[in-house]
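Residue numbers (the numbering used here), protein chains in the order written: chain A, 1 to 224; chain B, 1 to 276; chain C, 1 to 41.
Everything labelled a hint here was simulated from the structure, so no lab data went into it. This structure is a prediction, so every number in the text was calculated from the model and none was measured. Treat the hints loosely; a few may be bogus.
Each pair of labels, with its calculated beta carbon distance range [unchecked claim]:
(1) B:G224 <-> A:F31: 24 to 34 Å
(2) B:R53 <-> C:V30: 21 to 31 Å
(3) A:P192 <-> B:T89: 38 to 48 Å
(4) C:L19 <-> A:T41: 40 to 50 Å
(5) A:F183 <-> B:S41: 20 to 30 Å
(6) B:V255 <-> A:F100: 45 to 55 Å
(7) A:K180 <-> B:A239: 36 to 46 Å
List of simulated lysine-lysine pairs, DSS-like, C-alpha gap at most 30 Å [unchecked claim]:
(8) A:K98 <-> C:K39
(9) A:K166 <-> C:K39
(10) A:K180 <-> C:K39
(11) A:K98 <-> A:K180
(12) A:K98 <-> B:K138
From the structure, some residues in chain B lie toward chain C, with a derived Cβ separation under 7 Å [what the hints assert, rightly or not]:
(13) T56
(14) L58
(15) F66
(16) V70
(17) L93
(18) S104
(19) I105
(20) V107
(21) Y173
(22) F225
(23) A270
For each residue, glycine too, the CB sits at the ideal point set by N, CA and C.
Spelled out, the chains give:
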Amino acid sequence: MRTGAGSRDPLTTLATVIAFVVLFVATFPLFVTAITAFNATNETVFPPNGWSLRWFRNIARQPELVQAAGFSLVLAVVSSAISISLGVVSAVALTRRKFFGRDLIDAFLMSPLLVPQVILGLSFLVFFVRVGSRQPFLNLLFLHVVITFPYALRVIRSSLTRMNPKLEEAAVGLGASSLKSFFLVTFPQMRPSLFVAIFFCFVVSFDNFTATAFLTVSGATLPV
Amino acid sequence: MKSRLGLLLLLLPALGLIAGFLTALTSVLVMSVVDSSGALSLESYRSFLGDERYMTILLRSVWIAFYVTVICLVLGYPIAIAMSRSSRTVASLITLALAIQFFSIYVVKMYGWMLILGNNGVVNRMLVGSGLVSSPVKLMYNELGVAIGLTAAALPLMVFPINAVLQTISLRYEEAALSLGAGRLRALLTITLPLSVPGILSGVILTFVFCFAAYLTPGLLGGGFFKMIGNVIYEQAVARFNYSLAAASAAITLVISLFAVVAVNKASQAFAGGRR
Amino acid sequence: MYSNIESSLDPTISAISALLIVTSAIFVIVADRIVGVEKIV
């Protein structure tokens with residue numbers, strides 16, 4: 001919808017200037033953080049007191065941080081894989097045809113997005129204490145799948161809605177089984193949205209702090 | 001695959017997952033209204049609502065979420081305008097910068113702000129170094145620090161939905177108004193702004209709920225000196241094992257969040273109705 | 001990381017943060033190249 005005409009408009013120029021200033025301020029802490037990592041002394045000051053790489057080497061000397069990073073990585077990969085498989089299957093079911101209660105089921109499946117992270121965390125804490133589940137990895141996996149699944153579903157479903165169902169029907173008409181037509185016709189078209197879903201699920205899981213903090217002792221995942 | 005039963009079978013795993021989550025959520029809500037013996041009791045609500053400290057924290061959480069939402073809207077709207085209207089290169093540069101900020105690890109973002117706002121941080125070193133102040137100004141471990149951190153963390157939540165709506169609004173409407181003699185600002189305020197209200201409202205909901213129930217930002221930039229309701233829930237549950245008080249705080253937080261969602265949706269319906 | 005930051009500001013955390021910031025930035029830029037950044041925001 002961009003016509004290009006707007007770029008000569010003084011208001012757009014003003015908005016662009018504001019955008020650059022605000023985004024500079026908003027991203028400045030990230031620059032500062034990265035630069036303070038090169039300090040020669042043990043102070044986190046900017047500009048640094050001299051330069052060194054020893055803090056990067058020091059990461060390797062803190063096994064609990066390396067371990068936490070590994071744990072977060074595995075958790076993010078496994079939970080994303082589960083969420084995306086569930087997302088594909090559910091999105092196919094939700095977009096194949098209209099059926100009674102479809103919108104209701106849709107709202108039901110998206111409901112974790114409406115609930116603030118602290119409440120998600122507390123709910124799972126209370127639930128696992130009640131059930132007596134003492135499996136830190138499995139508990140966190142359940143939480144992270146609940147948190148990431150709605151993102152996977154939303155992205156994949158919207159790509160399926162935009163797709164032309166006639167293509168798949170044509171494949172079936174030409175003699176392909178419906179499973180075969182799914183993998184030959186629908187799946188390739190889904191690929192960009194799958195990539196977006198993987199990106200979202202991975203980042204949301206790896207980055208999750210608030211809900212995760214309720215279920216782990218400090219230091220178990222990297223952000224916590 | 002075509003049959004109803006097939007569809008249901010496909011949906012079953014996801015339905016089970018979310019049902020598990022809702023069971024957990026319900027168990028918290030139930031916990032808030034029963035006492036230790038399991039009998040119906042509003043004791044935890046009484047101890048929350050009757051305690052001045054908790055009420056102060058609750059009201060301040062609503063207030064800070066409210067004004068941070070307003071600040072995000074004021075800063076975010078021009079960004080969304082710039083994203084949807086400047087030249088392709090500039091627009092994608094802005095989008096990329098905002099996306100990188102948004103997808104950075106939340107803890108890292110807040111850590112960065114601590115390096116900026118701390119007593120030995122960038123701002124204070126500049127102020128003291130230039131001789132403007134003799135001793136560092138307190139910029140964090142107080143409300144100011146928390147408000148700055150929340151604004152930075154929530155800004156993309158405001159910009160993205162507004163941008164999504166602005167992308168669908170044709171500039172031709174504004175051009176028509178311009179050709180009829182309206183000024184640029186007037187055209188923006190009377191044509192584009194009303195059309196972008198749905199985006200503004202979803203940005204407002206996301207920002208408000210995110211800020212109101214924040215835990216990490218007040219935890220780091222408030223440093224225990226400025227607490228919000230999220231910190232109360234966490235402390236009661238994880239440090240004090242006082243699940244019933246945590247559950248009551250969580251229920252109150254959930255009700256206020258959902259109330260905000262419903263109120264904003266009603267406002268948007270009233271707005272749509274008023275324009276018809 | 002949170003528990004480290006809460007107790008003291010330490011350049012080791014800056015170093016991990018620096019790696020994470022660069023990684024996220026690369027993620028976003030790669031995503032922009034593959035599907036376009038407007039798809040992920």
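Ascending list of hint numbers which this structure does not respect: Hints 2, 3, 4, 5, 6, 7, 12, 13, 14, 15, 16, 17, 21, 22 and 23 contradicted; others consistent.
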